[in-house]
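Visitor: Line by line, the protein sequences are chains S and H. First residue of the first sequence: 60, per this note's numbering; consecutive thereafter. First residue of the second sequence: 880, per this note's numbering; consecutive thereafter.
Just so you know, the hints here were simulated from the structure itself, not pulled from any lab data. Think of the CB as a built atom: it goes at the ideal place given N, C-alpha and C, for glycine as much as any other residue.
Below, simulated DSSO-like cross-link-like pairs (lysine-lysine); rule was C-alpha separation at most 27 Å, straight line:
#1 S:K115 x S:K85
#2 H:K888 x S:K162
#3 S:K85 x H:K936
#4 S:K129 x S:K115
#5 S:K115 x S:K162
#6 S:K162 x S:K128
#7 H:K936 x H:K888
#8 S:K162 x H:K936
#9 S:K85 x S:K128
Output of the computed footprint for chain H on chain S, the stretches with three or more beta carbons under 8 Å from beta carbons of chain H:
#10 84-93
#11 102-111
#12 154-167
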Amino acid sequence: SQQGEEDPQALSIQEGENATMNCSYKTSINNLQWYRQNSGRGLVHLILIRSNEREKHSGRLRVTLDTSKKSSSLLITASRAADTASYFCATANQAGTALIFGKGTTLSVSS
Amino acid sequence: NAGVTQTPKFQVLKTGQSMTLQCAQDMNHNSMYWYRQDPGMGLRLIYYSASEGTTDKGEVPNGYNVSRLNKREFSLRLESAAPSQTSVYFCASSDLLVYNEQFFGPGTRLTVL
Chain S
60 SQQGEEDPQA LSIQEGENAT MNCSYKTSIN NLQWYRQNSG RGLVHLILIR
110 SNEREKHSGR LRVTLDTSKK SSSLLITASR AADTASYFCA TANQAGTALI
160 FGKGTTLSVS S
Chain H
880 NAGVTQTPKF QVLKTGQSMT LQCAQDMNHN SMYWYRQDPG MGLRLIYYSA
930 SEGTTDKGEV PNGYNVSRLN KREFSLRLES AAPSQTSVYF CASSDLLVYN
980 EQFFGPGTRL TVL
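Pulled out of the complex, with its shape left as it was, chain S reads as follows:
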């Protein structure tokens, strides 16, 4: 069963706009990770936020984590066409031995 679920499933925006996608999860976590997948390629790690962190930045990416609501959000500011991809959140399985990925949010950025 899925641990993390992304929302929305699909998002279309114009270049320069901000994109926000959300992830909800079910059980307590050690950390939460976000990955990007360009069409036809493998996943690439974007950012990891630990359970004792509330916000983390990396370039144009901002990730927040609310452990009380079991949710996280990924904000991409000033989107570019190259940001077009699917974005996945991932959390640990209950045994803490492997990551479980959500179904992803497909982001389309048009110029």
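Fit chain H to the given chain S structure using the hints.
Guide: Chain H alone, transformed into the frame defined by chain S:
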């Protein structure tokens, strides 16, 4: 560094045929994983190997076997392929299970007729 490599990139099988997907990493990672990705399903974990010499089932292990040949290599075998195994298969590795980022290979696109 090549990172995580997978062979083959594409494969077409007939129902009942067998094949092995190969994966190798050159980052000296302890943990390796096999996922399958189907449209609308996200990634699902098939098997993983927390360290050399150990393997464990993931979410969807039926119809698959794995071998952790050494620290670098982790193979996935389909003994008798079925159309339901048509998917894109990704191998990944990480330094320490869920506490570090995973590095992914480019994937193998498998079609079973």
